[in-house]
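Student: Chain by chain, the residues run as shown.
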Amino acid sequence: DAGVIQSPRHEVTEMGQEVTLRCKPISGHDYLFWYRQTMMRGLELLIYFNNNVPIDDSGMPEDRFSAKMPNASFSTLKIQPSEPRDSAVYFCASSHDRVGKPQHFGDGTRLSIL
Amino acid sequence: GQNIDQPTEMTATEGAIVQINCTYQTSGFNGLFWYQQHAGEAPTFLSYNVLDGLEEKGRFSSFLSRSKGYSYLLLKELQMKDSASYLCAVRDGGGGNKLTFGTGTQLKVEL
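Protein sequence lines correspond, in order, to chains A and B. The numbering used here puts the first residue of the first sequence at 1, with every later residue one more than the last. The numbering used here puts the first residue of the second sequence at 1, with every later residue one more than the last.
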């Protein structure tokens, strides 16, 4: 079975540019999560969806960040405009809606804002 | 909210046993997960505890005490490939499958 698929794997862009990260969750999973990981702050939850509906976006840093899930097999995380402090690894994860079922992570997008 | 504490770094010898501790203070609790993350890779699931006691899975075991807000991950017969970061994560007491992660314990296995 295919795991969580993220694209691109690496992104280098200049400050002020729009960045769009993409995620395809595991088929049949009800939940989708976006995380950001840095050395300083570790793995932080940004937002998560249940059945395509955003449930908790309290981790989204500011209005420059937005996320959508138009259908069960696709989600995007957008940063506009990007800033150097947004440089991090962004992970997408998905899981079943059952107690004890773990979240499965994609390989991440390594984002560098110059 | 959730507060999760783990040691930042640990070093152990190949073939030995190491115990990685995790303490948590939460407004709700619905299970604790351990993940392994090698450098430059994604976290991968290791174990899950929701009831008190020990869960064993091959060379890895995980223990939970809900009354003490405490868990540990035990790694036996350490191998060089076990060098990685180990993340403790607590599932929120509310509905959903939201996890709060600790900052991770970087384990270095030496010869």
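Hints may contain errors.
Stated by the list, open to error - Listed next, the in silico DMTMM-like pairs over lysine to aspartate or glutamate satisfying Cα-Cα at most 25 Å (straight line): (1) LYS68/A x ASP56/A; (2) LYS101/A x GLU14/B; (3) LYS108/B x ASP56/A; (4) LYS101/A x GLU62/A; (5) LYS101/A x ASP5/B.
Simulated from the structure, these hints should not be mistaken for laboratory data.
Student: Against each hint, give a clear statement of whether it holds in the structure.
Tutor: Status of the hints after comparison with the structure:
Annotation: proposed proximity of LYS68/A to ASP56/A holds, straight-line Cα distance about 12 Å (limit 25 Å). Taking the CA atoms of LYS101/A and GLU14/B, the gap is about 31 Å. The hint is violated against a cut of 25 Å. For a cut-off of 25 Å, the pair hint linking LYS108/B to ASP56/A is broken: about 36 Å separates their Cα positions. At roughly 30 Å between alpha-carbon atoms, LYS101/A and GLU62/A are farther apart than 25 Å, so this suggested pair is violated.
With a CA separation close to 23 Å, the supplied pair LYS101/A and ASP5/B stays within the 25 Å bound.
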